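Chemist: Fit chain B with the ligand to the supplied structure of chain E, relying on the hints for placement.
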Amino acid sequence: MAVVSTPPTLERALPVMDNAEVLRIRNDFPVLDQVVNGHPLVYLDSGATSQNPLSVIEAEQEFYEQRNAAVHRGAHHLAVEATEVFEDARQTVADFIGAEYAETVWTSNATEGLNLLSYAFSTAGLWAAQGRGDAGLKELALKPGDEIVVTEMEHHANLIPWQELAFRTGATLRYIPVDDAGSLRMDVAAEVIGNRTRVLAFTHASNVLGTINPVTDLVGLARRAGALVVLDACQSAPHLPLDVKALDVDFAVFSGHKMLAPTGIGVLYGKQELLDILPPFLTGGSMITTVTMERAEYLPAPQRFEAGTQRISQAVALAAAANYLTETGLARIHEWEAGLGQRMVAGLESIPGIRVLGPAAGQERIGLAAFDVDGVHAHDVGQFLDSRGIAVRVGHHCAQPLHRKLGLTATTRASAYLYNTTDDVDQFLDAVAGVRAYFRA
Amino acid sequence: MSLDQLYQQIILDHSKVRHGSGLAGTDAPEGATTGQSHQLNPVCGDEVTLRVAVADGKVTQVSWDGAGCSISMASASVLSEMAEGMTVPELHQVIDSFRDVLRSRGKIAADPELLGDAAAFEGVARYAARVKCAMISWVAAEDALNQAA
Ligand SMILES: Cc1ncc(COP(=O)(O)O)c(C=O)c1O
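So the sequence lines, in the order shown, correspond to chains E and B.
Using numbering that gives the first Met the number 0, read the first sequence as starting at 0 and increasing by one per residue.
Using numbering that gives the first Met the number 0, read the second sequence as starting at 0 and increasing by one per residue.
No lab work stands behind these hints, which were simulated from the structure alone.
Hints are all accurate, no fakes.
Quick list of in silico lysine to any residue cross-link-like pairs, SDA-like style, CA-CA up to 20 Å:
#1 E:LYS404 to E:LEU172
#2 E:LYS142 to E:GLN162
#3 B:LYS15 to E:ARG435
#4 E:LYS137 to E:ARG222
#5 E:LYS404 to B:PRO41
#6 E:LYS270 to E:VAL218
#7 B:LYS15 to E:GLY352
#8 B:LYS15 to E:ARG439
#9 B:LYS15 to E:ASP373
#10 E:LYS404 to B:VAL42
#11 B:LYS15 to E:GLY374
#12 B:LYS15 to E:ALA436
#13 E:LYS142 to E:GLY132
Quantities reported herein were computed from a predicted structural model and do not represent experimental measurements.
With the rest of the complex left out, here is chain E (with noise of 0.2 Å):
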């Protein structure tokens, strides 16, 4: 059921990942080298934002120490070298992916990505409206009685901007709901999805359950229909290998701070032959060929979406993380951690009075897990772990629908990544067990 595309032969040849890897994993990575309220810091926190490796830090100090300057602007030493190693960034990003090169545009984050989507279709409705543009546009443009389809567990950022259009434009807005196991009702999603859909949205893997979507059913079904589909890669492209060709969405949105890399730079995959005639989000410098005082023509993508001065160091810094993961082998961390996200479930599972979110202990999750504790609020969860140094989020993770849907306000979920070891689990899991003691609940 899971879509993970097998991994490169070479990878296959390296050791499963163990204790003794991260480790020296650990080494690379600083700030998990500290004592927090007089514990050494345990940091399951990957699934909000994820540390940096030095090689990360060193890439982005190295560009600013030889290399910084504006790109694909002046003739300049600095700035052709600035230029070459952001668009080298830009071929490594897109490799990491398995996409071409045009179709992998710089954002801030994903939730840029997804509204950089939403505001462009509905921008296609205008420019078809006015017969501007690609004659392909009228495809794109939606109408009342058009539908956009996306899930019950989907974060807020790939909620919201389709809300949003749905509103521009007149479509209706509709969504497959979840299912008590946490995975999506796809017998639903047969009905849902059907000839009046243009666009489905949904995550690979939730932030909050953990569960990992049938992507290539859910496109099957999106293919049927003649609807475009929209991939949140957000909790994926991380975690494990991917392929945006492979699964054939028509676009993919990740943010780079979840994978090993600054704040500040994201992707947005998509398919050349829509990038190319999508009108852009943001207008201004370095998108335009020609400008009169009347109007401007655009470049093709990726240039078309990437408007005014970018975000340089972050690109390149972007390229160091995804090389770090590659080096590491995607597949071999998406395995460890699974394995963590297990011991994680079975280990909450034995607490009295804590309940799990999504799939139970055995059933496939990535490397973290939601749960309620009985009687206690997730608030103050989080507090007596921070007192033993261990860092994990509290609240509705930017899903109030889905927690809304499981009867619940507020969760605590812990989220591993590669330098995770079981001891953090096992330490994560020793504090919970204290929790309910503590509160006297």
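Modeler: For chain B with the ligand alone, kept in the frame of chain E given last:
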């Protein structure tokens, strides 16, 4: 600062007892004027709806319903217990003092004479992320009081 200094006994006790909770099933005393306020912390979803009843210049009842962490629930409980019987200016004074302590990042010590059990929330001031939890019912009380009196 240790966890026990944040979660003082009084706070843990009140988070369970929840004095004054059950607004929905409680009528306001007859003849009193009332004010009611709903406050929500969108960050964590803490929510309080609180009603203040005033008669002859005195607070006769504080009732509330809410959902949230132990600090927010204990804070509403302490508030409702101590407010009953105070004059309107007295309650305003206590609310002002509580706010000053909570927003001081630990620089202003609580006056136990004035704040009573609410002085136990002094430690919360050092946890910037939790100040709103402690304040939510007090903000509601101030708003409700302004309507009632
Ligand atoms: C599944 C998912 N989608 C979207 C986002 C939004 O990412 P960002 O805030 O980096 O734009 C997140 C981050 O929390 C996420 O987990």
